[in-house]
Each structure stands twice: as structure tokens, then as C-alpha cells.
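Number of protein chains: 2
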Amino acid sequence: MTTVHHPFTPPSISIPHYVPSQHTMLEILVPFFTAVLLVLVVGTMLISNKMINLTTSSFWTKSLFLWFTMCGFIHTGVEGYFAYHYKTIAGQTTFMADLWKEYALSDSRYMTADPFVYLMENITAFGWGPLSFLTAYFIYTNNPTRHVFQFLISLGQLYGDVLYYTTTLAEDGGHCNPHPYYFYFYFVFMNAFWIVIPSLVLISSGKEMASALVIKQKMEQKKKSL
Amino acid sequence: MTTVHHPFTPPSISIPHYVPSQHTMLEILVPFFTAVLLVLVVGTMLISNKMINLTTSSFWTKSLFLWFTMCGFIHTGVEGYFAYHYKTIAGQTTFMADLWKEYALSDSRYMTADPFVYLMENITAFGWGPLSFLTAYFIYTNNPTRHVFQFLISLGQLYGDVLYYTTTLAEDGGHCNPHPYYFYFYFVFMNAFWIVIPSLVLISSGKEMASALVIKQKMEQKKKSL
Numbered sequence: 375m376t377t378v379h380h381p382f383t384p385p386s387i388s389i390p391h392y393v394p395s396q397h398t399m400l401e402i403l404v405p406f407f408t409a410v411l412l413v414l415v416v417g418t419m420l421i422s423n424k425m426i427n428l429t430t431s432s433f434w435t436k437s438l439f440l441w442f443t444m445c446g447f448i449h450t451g452v453e454g455y456f457a458y459h460y461k462t463i464a465g466q467t468t469f470m471a472d473l474w475k476e477y478a479l480s481d482s483r484y485m486t487a488d489p490f491v492y493l494m495e496n497i498t499a500f501g502w503g504p505l506s507f508l509t510a511y512f513i514y515t516n517n518p519t520r521h522v523f524q525f526l527i528s529l530g531q532l533y534g535d536v537l538y539y540t541t542t543l544a545e546d547g548g549h550c551n552p553h554p555y556y557f558y559f560y561f562v563f564m565n566a567f568w569i570v571i572p573s574l575v576l577i578s579s580g581k582e583m584a585s586a587l588v589i590k591q592k593m594e595q596k597k598k599s600l
Numbered sequence: 375m376t377t378v379h380h381p382f383t384p385p386s387i388s389i390p391h392y393v394p395s396q397h398t399m400l401e402i403l404v405p406f407f408t409a410v411l412l413v414l415v416v417g418t419m420l421i422s423n424k425m426i427n428l429t430t431s432s433f434w435t436k437s438l439f440l441w442f443t444m445c446g447f448i449h450t451g452v453e454g455y456f457a458y459h460y461k462t463i464a465g466q467t468t469f470m471a472d473l474w475k476e477y478a479l480s481d482s483r484y485m486t487a488d489p490f491v492y493l494m495e496n497i498t499a500f501g502w503g504p505l506s507f508l509t510a511y512f513i514y515t516n517n518p519t520r521h522v523f524q525f526l527i528s529l530g531q532l533y534g535d536v537l538y539y540t541t542t543l544a545e546d547g548g549h550c551n552p553h554p555y556y557f558y559f560y561f562v563f564m565n566a567f568w569i570v571i572p573s574l575v576l577i578s579s580g581k582e583m584a585s586a587l588v589i590k591q592k593m594e595q596k597k598k599s600l
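If you read the sequences in order, they're chains A and B. Here the first sequence stands for residues 375 to 600, where the numbers follow the working numbering. Here the second sequence stands for residues 375 to 600, where the numbers follow the working numbering.
Note that the list lumps identical chains together, so a pair holds whenever it fits in one copy or between two copies.
Below, a list of computed lysine-lysine pairs in the BS3-like style, where the Cα atoms sit at most 27 Å apart:
id	residue 1	residue 2
1	K592	K581
2	K596	K581
3	K597	K581
4	K436	K424
5	K436	K581
No wet-lab data here; the hints were simulated from the structure.
Okay, chain A solo, but in the shape it has when bound (with noise of 0.2 Å):
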């Protein structure tokens, strides 16, 4: 039996169909970040020049206009590889394989198809990702059952990103690469976004569902001692 290396966490780990990322960090995390911008950058000038016509004025709305338009991308593009291609990845050269590879240095159950991670990472791809797009166009035809959907996704976000990281503390993090860099940069930071944000979101519509109903009782009960 040969040993493949790999740069993962742990060394002991067996990933025998592991070949080298062809692309440097730099040539992963540039056009990553870049794209990023890209639609908030020009999510943020279509929506102030009314090319994209959102009848809002509120802030949080746009924003939630974005984030739930940057879901979609995240979760069926770059999650939605994954999930499709979990049990190969780490022998795969496209960019799309490189950059799991580079998040992976974190944690090593992207490259050994754990199954939490790999099912987690499918429902999100393909659950949460066609309904963020969803929720952004209901945002934009101003539906207000939009309420509804964005307090679902960010519940099945928290959910699964709380499991994400508790699952971690769990197995000590023996998975995860102690140096700073990858931990409290690709780990912790990167997915701290599906914590914070669904956690706003879910309070937000949670409120405005509740008031809404309380306005629907109302009516009701008026209805009736008519």
C-alpha cells in the first residue's frame, strides 16, 4: 500500500485519490473575492440607478436583495459543486475542485465526503439555493409572502451551520487546521456570515409574520361581531 500525501488535517488521514491543486492561493481567493464584489458591486448600482426597480426604500430590504441574490450563487454554484461532486473533488483539477481544496486546508471533511458535511452541503445547494433566488425575485415583485421563505432559508442556514460548527468543537477539531489563518480566517469567518445574518433575518420576518397575523385576527374577529 502507497501512502498519498495531502496537506489536510490530520496527516493520518487516507485520501488515495488526492492529486495537487494546479491554481496558488492567490489564483483561487482572487477571482473568488472579485466575484463577490462583482455582484455586490453591481447589485448596489442597479438598484440605485432603477435598472433593477425595487419598490423599497428601505435599506435592509436591498440589502436582503443582495445577500439572498448572493446566496443563490453561493449555495447552487460554489456549494452546489460540492455537493454534486463530493466524492471526487479531491482528485479533480477544475477551479472549482482547487477552491474546495483551498477551503478544505480548514477542514478536512470536505476531502473525505463526511456525511453530515456532504448531506448539509446538499440541502443547501439544492434547497436553500433555488429558494434564495426565489426570495430575491419575490423581493423585487415586492410579495410579501417573501416573509415567509426568507424565514425558512435562514432557519435551515442557522441550523446547518450551527451543526457545521458544532459538530467540529465535538470531534475536538480534529479535522480543522489549528493555524490561525485557515481557522479563525476560512473556518470560523467565513461561515460567522450564516450565523449573524440568518439570525437577523429570522427575527426580523419572524416579527413582521407575527404582526401581520395579529392584524389578521383582528380582522376576523371583527368580521364576526359584525
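Could you slot chain B onto chain A? The hints should help.
Just chain B now, with coordinates in the frame of chain A:
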């Protein structure tokens, strides 16, 4: 090294602190299902005698009152015991520990402190459990915001249960007893309640919230146009 013999699947897993159950299967199942029936029968009687005076006449809403009360007891009481004792439960001989040993005959992850399983059970026990009692109380007080909580709990239950089933499939059911009684009755059937009922609640409360949001938006547009 001495091997501790245990009845769980696969026999090769190590549960060094295992102590055999002090209760027969019937001594576990009879009290458990009696307690479940008691909650349902006594609850139904109290509702129809108006000792618990639900303002609704809807069969569905009355059923939800019983469902969330039952979820409150099972999540906090039964799953709460596991969530609190998962590390030592295989070595305990209390009724609750033996109940979990009986269930674990179908899924040994409950005896091996599997991280996904105990984290999901912790979220269920300490999150969805108390919220289930709160929701039952909100149904009792006819508080319309109960739909937000029903939706939240049901999505949490559904996501947890989907991951519970699919992680098993992903691991080829290696920790599941293949005997039909354990596999179909304990593992498939007993957990299926938390797939079917939460799905129905999500649709029903989702629709209710959507229609309330539409009403609220119409009222706001009316006000603006005055």
C-alpha cells in the same frame, strides 16, 4: 484489553462502559406507550369537557395542541435525558437509560456518543422542547403568533430528522440493526412522525402566515393611497 460484549450493531464497536439493561423489552415499552396514550387520552378528555378551554372548534388545531404538548414531553423529558447523559448512558441502569438502550438496539449511535446525533438531540431537547410547550400554551390562549413558532419548531424537527435518516443511509446503515422489528418499527416508523407531521404543519402555518402578510400589505397600501 478486555472486550465488553454488548447487543448493538455492529458488534465490533467499542462501548467499554456498557452495563446490560435491568428492564425487559416489555418493562420499557409498556410504560412508555402508556404514558404517550395517557397524554393523548387525558388531553382529549380535558379538551372535550372544556376543562382545557380551547377557543377553537377546529379538529386540526385541537390536534396540534396535543401534538405540541406531546412533543414538549418527549423532547424535554425523553430526548432531554439522552442529551444530558449521552456520555454515560450506556453504563446507567435507570429506566430512562434502559429505554435508550432499547431504542439503540435499532441505532447504536445513541450508545457511542455520535457527535451529529447528540448535537441534534441537544438542539431538539433544549430548543424545540421548551418551544413546543410555549406553542401549546399559545394555542390555548388563541395567540395568532403561534404560527411563527409552529413553523420554526416544525422546520427544526424536519431538518434534524432528515439529517438523522440520511446520515444513516450515507453510512449504509452500518449502525442500524437489520432485524425488521428494530429497523422498521423503531428506526423508520417511530421517527417518521417527525417527518410527516412537521411537513403538514409547515404547509398549514406557512399558508396562514402568507395570507396574513398579503392582508397586511393591502391594508398598508390602502392607508398610503388615502
